[in-house]
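> Sequence:
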Amino acid sequence: MTAFGQTDTNDTAESDAEKDEASQSVVILDEIKVETTRLETRFRKTLSGDLLRRATGSAGDPLRGIARLPSVGTVNDFMGVLSIRGGAPGDNLYYFDRLPLGYPYHLLGIVSVVSSEVIGKVDVHPGGFGAEFGADSQAVIDIHSRPQKMESLGWLDGMLKPSFIYSEGFLSGALSLRENPAANVPNETDKKSIFHLSKDILLGDTQVFGRDADEKDRKSASTDQEFLENRALSGQGYWYAFGRLSYLEPFFELASRLVELEDLVREVPRFWSYQLKGVYKLNETHGIVVNAVTAYDASELYLGAREVHDSDLRGPAISENPFDVQGIHFYSRLLPRFRSILSFTRSFTENELAFGEEYYYRTAASVYALRNDFTYTTSSKNPDETVEFGYLLSSTPSTVISDGARRVEEGDPDYEFRIRHQLEKVYVTETRNLHRLEGYLQASRNLFNSDLLGTFGVRASFFNLTDNLSLQPRAQLHYSLPWQDASLNFSYGRYAQNPRLDQFVLGVPSNASLEQSLATHYVLELRQTLPFNTQMNIAGYYKTLQDLIIYNKDAKQYQNGQEGFVRGFEVSLEHDIFQNFNGWVAYAYTVSKRRDSPEEFHRFYTYNSPHVLTVATSYSATQELLLSVPLIDTFDISAKWQYQSGVLYAPLVGRTPFTNFRTKEKKWRPLYGEWKRTSPYHRLDLSLRFSLLGGLEDKGWELGLALEVWNVYNRNNILEVRYSPNFTKEEPVSQLPIIPFVAMTLEF
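Residue numbers (our numbering): 1358 to 2105.
Because the hints were derived from the structure by calculation, they are not lab data.
Some clues are possibly wrong.
With beta-carbon atoms standing in for the labels, derived distance ranges [stated by the list, open to error]:
(1) Phe1889 - Asn1587: 49 to 59 Å
(2) Leu1602 - Phe2015: 41 to 51 Å
(3) Ile1934 - Pro2082: 49 to 59 Å
(4) Leu1845 - Thr1901: 43 to 53 Å
(5) Pro1888 - Gly1635: 41 to 51 Å
(6) Val1625 - Asn2017: 25 to 35 Å
(7) Lys2033 - Tyr2070: 45 to 55 Å
(8) Ile1895 - Glu2031: 52 to 62 Å
(9) Pro1967 - Tyr2070: 37 to 47 Å
(10) Tyr1604 - Tyr1733: 48 to 58 Å
(11) Leu2062 - Pro2082: 28 to 38 Å
(12) Trp1840 - Tyr1604: 15 to 25 Å
Calculated cross-link-like contacts (lysine to any residue; reagent style SDA-like; alpha-carbon spacing at most 25 Å) [what the hints assert, rightly or not]:
(13) Lys1506 - Arg1455
(14) Lys1478 - Arg1719
(15) Lys1913 - Asn1708
(16) Lys1478 - Gly1511
(17) Lys2086 - Arg1960
(18) Lys1950 - Pro1888
(19) Lys1782 - Ala1843
(20) Lys1913 - Ser2091
(21) Lys1913 - His1959
(22) Lys1506 - Ala1492
(23) Lys2021 - Tyr1717
(24) Lys1910 - Asn1708
(25) Lys2033 - Ser2091
(26) Lys2033 - Pro2089
Don't be surprised by glycine CBs; every beta carbon is placed ideally from N, CA and C.
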């Protein structure tokens, strides 16, 4: 909050300030800033870009850094795809500055498409979120880029970040029709402008730096919106370009010595990506953002007898995954308390896999979408009292090509993905235009008193593939507890997920009567600021899952045959031990189960890890200490130790002989027992980061170095359990051993 005032020490009588403005002497008071911590009323967890860049054990990858949150974890050391509160990786929806990211990973999750160097913050909606999000999701990862500082931005700034695996480059510059990009602050010699500014703040009837005085405490959900309203003048903006290129040859040369990969990797995986963005404030009420993301990755492996048991699956396995998305977004302030964000986006996603004896699977989709979100603040006293509504229209030309193949199903120990009829591969090619229409309405207001805030809404969606209109109610209650900085939050939501086109058209015969899958979330959360700078969060959640789509091997088609539930709780504590030294501990207990058919019992979900304990600490050297050390400007050291339950696998209990009718090959068929877990997973990661200046600072250059060591004590964690060629024994496969990472950052 910022305030200005005026006084006349010689006049104590009441008068009209506007009438007497020209005759009274004006004394400009010093600016007074009052900062308070405002309790978050939305069911989201926000991680800053700086925190994600420094997250230990992530090598600077933002999506791996999100795993810092309790009940959020990566599938394994190699794959950074996220499982959130016992859900499937496919349940997550990703946005980057309102661009839908249909494929946010390279190489199935080794590294994410978005670099932490361009991120300002990430809002994680783990469940129970409001009606503003939908579109086939149970969790939302809303990524926002870092806005540039106009007062320090030149016409061309840059950053280079080489590492052993890939290199990144970042360029940015100002877009301005003004000679002086300084912040819009009042001129102290202009008494009239000071007077009107003071009056407007006191009366609250006009804009203050692009935002109403009665909304001065309201946080913008979007960094672009915050920049356009509060940081930029009309005719100002910025642009940036980011690029990344991999060179994994040294990594695979090292890995081939630690793990037997010589015969497995035929072509070293490769990937590249780039991002472009421009932000410009057109006038006092309108701004425009143009952005684009493009990514590509490819790999070729050779699967032998050790990797697959059936001879028709042996041979090269070739994967190729291009992705690109572009968008143009209009930010408008239609009325003092009425905002609109209009987005036109186009995205293309392709997944292609060829392997074995000409098995082939390809899906491709281009999504053309129009999304419009409106927010009206109904109260001049409480910025949390709002009415929100919007719509999403999309058209998606989609293609599915399959030569005897489909996606691998979760929970299948055989990883069977072949589709055959009468011993022959089933060939399918299908192209359709999918249409989606969604709309939502929700309102937030105080109930009974100012301590209780309620948000109630509904989201409606229509999908032409199912020809079904779905209504999804959402409700949230936020109660400020009597003691200081404490709140209790409850949320309820119903979420629909539509079937994919490949699930509609693959099968013998295919199933054209598939319906939506439904999930219902219940979340209760307590947030409390404790003494000695300690933050505590406790949350419990329960989810029911209905009509989940699963491939029925007996019927040889996809069906709405699976159901399940998720229940759990999470506790996290963050404590500032002393200046620049803090600690963090989190524990999550989650039970996620599925039942594949009414005749079967519930089983643990494959990616479920019931127990996860994370302990982390970090220290940043004080300026007093750094003054005694030459060349070093900043120095940070951090550590993270994580423990979690072992991975699920089906143990061998026997085998039985059989003859392959197609190849006449005599083989063994495995007999599995009840699923069980390997030994627990745990590892310690360390990180050192510092920036070097020397004589470069005066020239506008800065050099940074980062060293990370994963799995410091070289724990032999188990990735999965495979079986010998004749199913005589189990063969555990290890995750990453001790791995060092070194990265350098050069900014200019």
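> Against this structure, judge whether each hint is valid.
Each hint tested on the structure:
1. Phe1889 - Asn1587: 49 to 59 Å: 33 Å, violated
2. Leu1602 - Phe2015: 41 to 51 Å: 48 Å, holds
3. Ile1934 - Pro2082: 49 to 59 Å: Since the Cβ atoms of Ile1934 and Pro2082 sit about 54 Å apart, the hinted range of 49 to 59 Å holds.
4. Leu1845 - Thr1901: 43 to 53 Å: 23 Å, violated
5. Pro1888 - Gly1635: 41 to 51 Å: Given a distance of about 47 Å, which is inside 41 to 51 Å, the answer is holds.
6. Val1625 - Asn2017: 25 to 35 Å: 34 Å, holds
7. Lys2033 - Tyr2070: 45 to 55 Å: Roughly 26 Å apart at Cβ, these two residues miss the hinted range, so it is violated.
8. Ile1895 - Glu2031: 52 to 62 Å: About 33 Å separates the Cβ atoms of Ile1895 and Glu2031, which means 52 to 62 Å is violated.
9. Pro1967 - Tyr2070: 37 to 47 Å: The hinted range 37 to 47 Å is violated for Pro1967 and Tyr2070, with Cβ atoms some 24 Å apart.
10. Tyr1604 - Tyr1733: 48 to 58 Å: 51 Å, holds
11. Leu2062 - Pro2082: 28 to 38 Å: 47 Å, violated
12. Trp1840 - Tyr1604: 15 to 25 Å: With a Cβ separation near 55 Å, Trp1840 and Tyr1604 fall outside 15 to 25 Å, so the hint is violated.
13. Lys1506 - Arg1455: 21 Å, holds
14. Lys1478 - Arg1719: 34 Å, violated
15. Lys1913 - Asn1708: Holds, at roughly 23 Å.
16. Lys1478 - Gly1511: 23 Å, holds
17. Lys2086 - Arg1960: 24 Å, holds
18. Lys1950 - Pro1888: 39 Å, violated
19. Lys1782 - Ala1843: 61 Å, violated
20. Lys1913 - Ser2091: 34 Å, violated
21. Lys1913 - His1959: Roughly 22 Å separates the two Cα atoms, so the pair holds.
22. Lys1506 - Ala1492: 34 Å, violated
23. Lys2021 - Tyr1717: 23 Å, holds
24. Lys1910 - Asn1708: 23 Å, holds
25. Lys2033 - Ser2091: 17 Å, holds
26. Lys2033 - Pro2089: Status holds; Cα separation ~13 Å.
Consistency note: the structure conflicts with the earlier hints numbered 1, 4, 7, 8, 9, 11, 12, 14, 18, 19, 20 and 22.
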